[in-house]
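If you count by the UniProt record's numbering, then the sequence shown holds residues 1 to 473, one letter each, in order.
Because the hints were derived from the structure by calculation, they are not lab data. One or more of the hints may lead you astray.
With a Cα cut of at most 27 Å, we get these calculated DSSO-like pairs of lysine-lysine [said to hold, decoys possible]:
(1) 199 x 224
(2) 199 x 179
(3) 224 x 179
(4) 61 x 17
(5) 224 x 61
(6) 61 x 179
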Amino acid sequence: MELWTDYEGRTVAGEYKLVKLRRSEGRNGFFSTADASGHAAVIRLTEAHYDEEDQLARWRKAAAARQDHEAHLIGIERVGRTELEGVALTYALMEADDAVLAEVLAERPLTVPETLQVALSVSSALAALHARNLVHEHVNADNVLAVGEDVKLRSDCVRECLEDGEFVSAGQVAATRQKDLHDFGTLLLRCLTLESEIKPGNRLPEPFPRIIPAALEGSTSFAKIAAMLTPAPPPPAAVPPAPGAVAAAVNAAAAAEHAPIASSTSRAAHDVPAPIQQSLPLSPDVPRHREDEMDELDPEESTAFPLPKNWAIYTAAALVLLFVVWHFAGGKKAPKPASGIVPESSSSSSSSSASSPAQPVQLEVHHINQPALAATPQPTSASVAAANVAAASAPGWHVIAYTFHRQDQAQSRANAIAAKHPNLHPQVYSPTGGSPWLVSLGGVMNEREAQQLLHAARRDGLPRDTFIRNYRH
Numbered sequence: 001m002e003l004w005t006d007y008e009g010r011t012v013a014g015e016y017k018l019v020k021l022r023r024s025e026g027r028n029g030f031f032s033t034a035d036a037s038g039h040a041a042v043i044r045l046t047e048a049h050y051d052e053e054d055q056l057a058r059w060r061k062a063a064a065a066r067q068d069h070e071a072h073l074i075g076i077e078r079v080g081r082t083e084l085e086g087v088a089l090t091y092a093l094m095e096a097d098d099a100v101l102a103e104v105l106a107e108r109p110l111t112v113p114e115t116l117q118v119a120l121s122v123s124s125a126l127a128a129l130h131a132r133n134l135v136h137e138h139v140n141a142d143n144v145l146a147v148g149e150d151v152k153l154r155s156d157c158v159r160e161c162l163e164d165g166e167f168v169s170a171g172q173v174a175a176t177r178q179k180d181l182h183d184f185g186t187l188l189l190r191c192l193t194l195e196s197e198i199k200p201g202n203r204l205p206e207p208f209p210r211i212i213p214a215a216l217e218g219s220t221s222f223a224k225i226a227a228m229l230t231p232a233p234p235p236p237a238a239v240p241p242a243p244g245a246v247a248a249a250v251n252a253a254a255a256a257e258h259a260p261i262a263s264s265t266s267r268a269a270h271d272v273p274a275p276i277q278q279s280l281p282l283s284p285d286v287p288r289h290r291e292d293e294m295d296e297l298d299p300e301e302s303t304a305f306p307l308p309k310n311w312a313i314y315t316a317a318a319l320v321l322l323f324v325v326w327h328f329a330g331g332k333k334a335p336k337p338a339s340g341i342v343p344e345s346s347s348s349s350s351s352s353s354a355s356s357p358a359q360p361v362q363l364e365v366h367h368i369n370q371p372a373l374a375a376t377p378q379p380t381s382a383s384v385a386a387a388n389v390a391a392a393s394a395p396g397w398h399v400i401a402y403t404f405h406r407q408d409q410a411q412s413r414a415n416a417i418a419a420k421h422p423n424l425h426p427q428v429y430s431p432t433g434g435s436p437w438l439v440s441l442g443g444v445m446n447e448r449e450a451q452q453l454l455h456a457a458r459r460d461g462l463p464r465d466t467f468i469r470n471y472r473h
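Take the sequences, apply the hints, and build the full model.
Okay, structure coming up:
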């Protein structure tokens, strides 16, 4: 067999041109190529050693695991046999990658968010393999790849691990799977500390103190790890009612105060021959809690300290007043407007109100002309920096070159890039409004523009782990 580099420029399987040798592993060579649609791809060539059928079977099973809704395994598009210069080869056409985790760790450890992404992706991939009786046995940084903004595990090096009752026992299967789990824990430790063993001085951020030691000891599972890595979603935030809804609630409460009460439940309809009606407010000599009207009364009426009979109007009116005060005093930062709730007949006696229906409560708001705004002060350097951060924080596609825990460090790096590469337009960006602070290139753009700028930044000498991501706020 010739050197793998001698194969560059040749065509295999009648359609895949070997553009450039990316790496070699013993009898395996990995070349950049293009698939039938012209998309970038990687093709693995393996010199045949009378094990072609076993090799192809492993690749087909890995491809099936990838197609089983597991997006964190490198896709295998096609496998087969070929021959080049009289040498029998098997080949696997695979999804192209953009970066290798080992190259990133050679320069720096990962941030906590980056390590969380690696943990979620690799644990999901290994769980999918184990569910199909496959094991990886090569879980390390060399085999964790970046494809766009996704992290994926190589799938062309998996093999079947299944108890057969003769050569492979259940204990051997469990031990092999546990090795994948142990290697996964070592991978996460390297991502955070660049070390392969836990040392006394290591302080791991949450949730990794609960994951890494258990993975190294084999006392956990990928299902438990997924639960620790995926926190429960926060409860939905309460939405304040609109002014129109509050006013409608007040009018509805006033109308309900004097409307007849009719039995609305099936139980009450069966218990009495006709609907029972009673006008509000109830007379003092009428029992408040009748057995056949319990479902129609507010639960608060049965407490030790019942609310007043017309509590609905008072409560709704108080809500409206609080909303008006907030809207004009706190919401718009303007002088407090005069507002009030004016009843239709405030001077009527209690006897007349009991005999005549009540009118809906009217809300009157008197607007006061606001004074002219003061002259806008000139922006300071701090306000300009804040404006740049706000402009870069818009949702959309970003090209991320660096990650920092402090905003001033990120701003310093952005200034340094701007001095050397002004065409990249570096900005400080935070998807959360706080740490981590990212150095974004070019601001917000679409995916195609982000891909183009990513390649330009790498050509200008920025780190190979520069990546793009679509941040949605």
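Right, here's what the structure says about each hint:
1. Straight-line distance between C-alpha atoms of residue 199 and residue 224 comes to about 24 Å, which keeps the hinted pair within the 27 Å bound.
2. For a cut-off of 27 Å, the pair hint linking residue 199 to residue 179 stands: about 21 Å separates their Cα positions.
3. As the CA atoms of residue 224 and residue 179 are separated by approximately 17 Å, the hinted pair is consistent with the 27 Å bound.
4. Proximity of residue 61 to residue 17 is assessed by CA-CA distance (about 26 Å); at most 27 Å being required, the pair is judged to hold.
5. For the hint linking residue 224 to residue 61, the alpha-carbon distance of about 25 Å falls within 27 Å, and the restraint holds.
6. Restraint check for residue 61 and residue 179: satisfied, since their Cα atoms lie roughly 20 Å apart, inside the 27 Å limit.
The structure shown violates none of the earlier numbered hints.
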